[in-house]
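Trainee: Listed below, chain by chain, are the residues.
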Amino acid sequence: MKAVDLNCLVGHWPFRKLHKNTLEDIQNVHRANNIDGGYVASLNSIFYNDPFEGDEELHEILKDADGYHHVLTINPKLLEFEEDIKEGIERFGIKGVRIYPGYHGYSLDDKDLAELCRILKENDLPLFLPLRMEDPRLNYIITPGTIAMDEVKGFLKSFPDNKIILLTAFVSELKQLEDEIKDHSYVKFDTSGLKDTLFSIENLTAVFPAEKIVYGSLYPLYTFRSTYFLIKHAEVSEEVKAKILSCSW
Amino acid sequence: MLIDIHTHIWGPPGSPPCSSETIESSKKDLIKAGEKYKIDRIYVSGLYSHYPDEEEIAGLNWEVAKFIKEEPKLIGGFCYVNPAHSNAMDVLKKGIEEQNMEGMKLWVATFCDDERVFPLVEQCILYNIPILIHAFHKAVGQLEHESLAPNVANLARRYPEAKLIIAHLGGNAYYGIKPIRNCPNVWVDFSGSLFRRDDIDYTKKLIGADRIVFGTDMPGASFYNNLGQVEDGDLTEEEKEKIYYKNALRLLDRRERIL
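Going down the list, the protein sequences come from chains A and B.
Residue numbering for the first sequence follows the numbering used here, beginning at 1 and increasing consecutively.
Residue numbering for the second sequence follows the numbering used here, beginning at 1 and increasing consecutively.
It is possible that some hints are incorrect.
Derived CB-CB ranges, DEER-like [what the hints assert, rightly or not]:
| # | chain 1 | residue 1 | chain 2 | residue 2 | range |
| --- | --- | --- | --- | --- | --- |
| 1 | A | D112 | B | P12 | 27 to 35 Å |
| 2 | A | G145 | B | L143 | 17 to 25 Å |
| 3 | A | F15 | B | D234 | 17 to 25 Å |
| 4 | B | A84 | A | N28 | 45 to 53 Å |
| 5 | B | S86 | A | E202 | 39 to 47 Å |
| 6 | A | E239 | B | E144 | 20 to 28 Å |
| 7 | B | E24 | A | P14 | 51 to 59 Å |
Subject to a maximum C-alpha distance of 27 Å in a straight line, what follows is the list of computed DSSO-like cross-link-like pairs (lysine-lysine) [to be verified]:
| # | chain 1 | residue 1 | chain 2 | residue 2 |
| --- | --- | --- | --- | --- |
| 8 | A | K20 | B | K138 |
| 9 | B | K204 | A | K17 |
| 10 | A | K17 | B | K178 |
| 11 | A | K63 | A | K121 |
| 12 | A | K232 | B | K240 |
| 13 | B | K32 | A | K232 |
| 14 | A | K17 | B | K205 |
| 15 | A | K232 | B | K36 |
| 16 | A | K20 | B | K204 |
| 17 | B | K138 | B | K178 |
| 18 | B | K204 | B | K240 |
| 19 | A | K241 | B | K32 |
| 20 | B | K36 | B | K93 |
| 21 | A | K121 | A | K20 |
| 22 | A | K175 | B | K28 |
| 23 | B | K73 | A | K175 |
| 24 | B | K36 | A | K20 |
| 25 | A | K20 | A | K232 |
| 26 | A | K232 | A | K153 |
| 27 | B | K205 | A | K20 |
| 28 | B | K32 | A | K175 |
| 29 | B | K138 | A | K175 |
The hints are simulated quantities; they were obtained by calculation from the structure and are not laboratory data.
The structure displayed is predicted, hence computed values, not measured ones.
Every residue, glycine too, gets a C-beta built ideally from N, C-alpha and C.
Next up, chain B with everything else stripped away, as it sits in the complex:
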């Protein structure tokens, strides 16, 4: 079994009932990837501009909800929220209660430990859903409000019952893993276009295999970037199974409180 916790449909949202051309292209790629790579479940969030307005957020979540309806077996959704918006809580509630999404996605509009995020996290704890947080340490091109691992660790310590996923190994594993290693409520995904040989081994050494989940960042990255990291890593078959799907199943299961 294989679960991809981190993919996107990219582009400006369309107008109901039609998706935009670029979003349609993302959807086609993800469906094709699901078939070709035998992925059982693909979790999607919609992204476009770094500081989306309320209309864009609503449109992107509508696109994800539409995709879930079209491909219910393959596609799951993470509700994209801009915490700077006054309607952010309503967006989250609509995403989880009406649009059948299974987690919340935070990107780069605010740091993830901004106080405007707190009520959203409290609601996610009530829902018992995971929060996928983009975090990326960059030597070049750091965005103004782009979270880093210490931001994720701050949030994790404030809310030990929140199930947090730090994406992309925090960008650079050597900056991303140590700050969260003593936060048992933080999982990591290694999605994206980086595939250094030693990142997974390093991550396992610091936090073990139970907190690593498989993600790809498709369609903006090659699926094999990430599959290759697991297959080349010094991992047992049991550890690979945990990474490929078992850890994600635990995280996504709303019936059981694991923290």
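Here chain A stands alone, though its shape is the one from the complex:
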């Protein structure tokens, strides 16, 4: 079993200094905690007017990194994004696409996002959907849009055949989405938002199949061990822990 972190990033965050924001930093914290690899996206790409330039930087960083996979950032409101996906597949060997509706200013029922989902399904690529990057109480300079749970419900129902990973959802939000997550054959959620209750893995595995939960840290924006320890020390079977730590579709 290979343990992976589905939600890690390299680059700069424009609102505060990140002290551990390189691939080497991610690899160090992963190695120290027996994580074998990760799905990495570019923080810079969120804010570049052409996100693909951030992904070119990311490719240079990841090209020789065994076990670390490139997740391409796409803003579907920018023209010709389909070409970027094609190039991402051919040049970077991307393993997924990450979007930021809250930062890029569109809703989950946007027609361009629907087109993106069509392309991703055609290429069997998962969509990484962060519900947030930071707690809104800590917003600085800009106020990203929020994603309502009703929007997520509608989105999951509209794209039943797409592979989707919900990132940084709170426990309370996952409870609201319980039916939609259970009914969707290909949706999973990560662990980076499980901050608002005690014993969250124990409680969530009582509600959802372990296959629905994947390990994601949101490192280096968030601390790594805060979510890794949730799984490592959870009172669940080793089999359940292994399922969470090794994402498979």
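Please arrange chain B on chain A, whose structure you already have, making use of the hints.
Mentor: Frame of chain A; chain B shown alone:
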């Protein structure tokens, strides 16, 4: 050793001799967390509404005192006071002298540098007990009387002998730490649901590790939010020990005047 300086029992208080259902649920969670996470001592205050009346305050402190009696080894208490109440001093005295509590808790009913707080702080100096102050800078949802770091700094400068703890790194460390960095009588806890990778390193850079204490805000937050911040931080083993318990022991020791 591990001391959690900041937890709560949440909910409407029950009626003696029975705790309310929600308070019982908080207590069970805290006891379970204490066992599972090997926490040696958990400090609790009772909270419910933002502007509690006298009856609610009395009930919540009764619940905490009951919890201390039930679990004396694990549980310590902070006496919750609403400074707007005419009986606030009596509540504090009862909490410390009769209910075996070890500190005072201020939440969001008044700013912490409101003049109605002053006599309470003077009494805490006499008792030589710490004051745990909720302070939270929010980009959204700031409450009307919710203290910010400058309020804590004002109080600290007025009462340099008062042992103050600003909770939650003041909400956002970038607003919370600079105002209190030159106040040697202010400690910080990083309790709550936020666990940004760099907050502890930033805080240590500005005020050092001697003024950081471990807290979680359980049961409304995951214990690992806070443990992970220490374990991921650029801290020596000695600094971790200070944060996990040594700084708290110094703060809570009523026999020694550290200021």
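Trainee: Look at each hint and say if it fits the structure.
Mentor: Now for the hints, and whether the structure bears them out:
no.	hint	verdict
1	D112(A) to P12(B): 27 to 35 Å	violated (49 Å)
2	G145(A) to L143(B): 17 to 25 Å	holds (24 Å)
3	F15(A) to D234(B): 17 to 25 Å	holds (21 Å)
4	A84(B) to N28(A): 45 to 53 Å	holds (51 Å)
5	S86(B) to E202(A): 39 to 47 Å	holds (46 Å)
6	E239(A) to E144(B): 20 to 28 Å	violated (50 Å)
7	E24(B) to P14(A): 51 to 59 Å	violated (46 Å)
8	K20(A) to K138(B)	holds (25 Å)
9	K204(B) to K17(A)	holds (15 Å)
10	K17(A) to K178(B)	holds (16 Å)
11	K63(A) to K121(A)	holds (25 Å)
12	K232(A) to K240(B)	holds (21 Å)
13	K32(B) to K232(A)	holds (17 Å)
14	K17(A) to K205(B)	holds (13 Å)
15	K232(A) to K36(B)	holds (13 Å)
16	K20(A) to K204(B)	holds (16 Å)
17	K138(B) to K178(B)	holds (16 Å)
18	K204(B) to K240(B)	holds (11 Å)
19	K241(A) to K32(B)	holds (21 Å)
20	K36(B) to K93(B)	violated (34 Å)
21	K121(A) to K20(A)	violated (34 Å)
22	K175(A) to K28(B)	holds (22 Å)
23	K73(B) to K175(A)	violated (35 Å)
24	K36(B) to K20(A)	violated (30 Å)
25	K20(A) to K232(A)	holds (22 Å)
26	K232(A) to K153(A)	violated (30 Å)
27	K205(B) to K20(A)	holds (15 Å)
28	K32(B) to K175(A)	holds (23 Å)
29	K138(B) to K175(A)	holds (26 Å)
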